[in-house]
Amino acid sequence: MIFVTVGAQMPFNRLVEAVDQWAGETGREDIFAQIGPTDWRPGYIQWTKFLDSAQFFEKFDAADTIVAHAGMGTILSALVRGKSILVMPRQGSLRETRNDHQVATAKRLLDLGKVEVAFDEKELLEKLQAIDRLKKPSPIGPYASPDLIEAIQRFVRES
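Just so you know, we're using the working numbering here: the sequence shown kicks off at 4 and counts up by one.
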């Protein structure tokens with residue numbers, strides 16, 4: 004199953020519309036999307052505007068792959084669970100968010116090999132064609148390592 008999530012604060016129709024279009028073109032039926040506060044309605048995928056936390060993680064855990072905005076909460080949840088994730092960052096220039104922090108996040112995590120990234124709808128449609136071949140990352144720990152905590156504490160003490 005593919006779980007699409009855009010977060011709960013704002014819609015991301017550009018992402019959801021592209022996935023819905025792809026589902027319609029390919030006949031793919033194993034897609035569920037949490038689409039946020041929007042008046043737009045998908046025609047080919049199962050969807051809901053919101054999920055409570057338990058429902059969200061039920062869908063998240065059942066999914067083989069996550070398709071999402073480049074929100075750190077979603078990305079970290081996927082990495083902790085060893086889920087493959089394809090992100091499309093919201094763009095400040097399109098008024099999808101306040102600035103381009105999601106673009107910066109996506110670029111950095113792409114460089115680290117932690118996520119697949121599509122920067123626009125065309126690239127998203129291309130990457131969706133190969134979605135079943137996305138590699139699953141090794142899960143990361145849910146907590147910071149003692150070495151990282153010590154380094155941060157040392158930095159704070161010495162600043």
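These aren't lab readings, by the way, just hints derived from the structure by calculation. Among the hints, a few may not be true.
What the hints assert, rightly or not - Below are the DSSO-like pairs computed for lysine-lysine, each with C-alpha atoms no more than 27 Å apart in a straight line:
| hint | residue 1 | residue 2 |
| --- | --- | --- |
| 1 | Lys62 | Lys130 |
| 2 | Lys86 | Lys52 |
| 3 | Lys86 | Lys138 |
| 4 | Lys62 | Lys117 |
| 5 | Lys110 | Lys130 |
| 6 | Lys139 | Lys125 |
Hints, one by one, checked against the model:
1. Only pairs whose Cα atoms come within 27 Å are accepted, and lysine 62 paired with lysine 130 is accepted, the gap being roughly 22 Å.
2. With a C-alpha separation of about 22 Å, the suggested pair lysine 86 and lysine 52 falls inside the 27 Å cut-off, and the hint holds.
3. A distance of roughly 9 Å separates the Cα atoms of lysine 86 and lysine 138; the hinted pair therefore holds under the 27 Å criterion.
4. Between the alpha carbons of lysine 62 and lysine 117 the distance comes to roughly 21 Å, so the proposed pair stays at or under 27 Å and holds.
5. As the CA atoms of lysine 110 and lysine 130 are separated by approximately 16 Å, the hinted pair is consistent with the 27 Å bound.
6. Distance check on the hinted pair: lysine 139 and lysine 125 sit about 23 Å apart at the alpha-carbon level, within 27 Å; holds.
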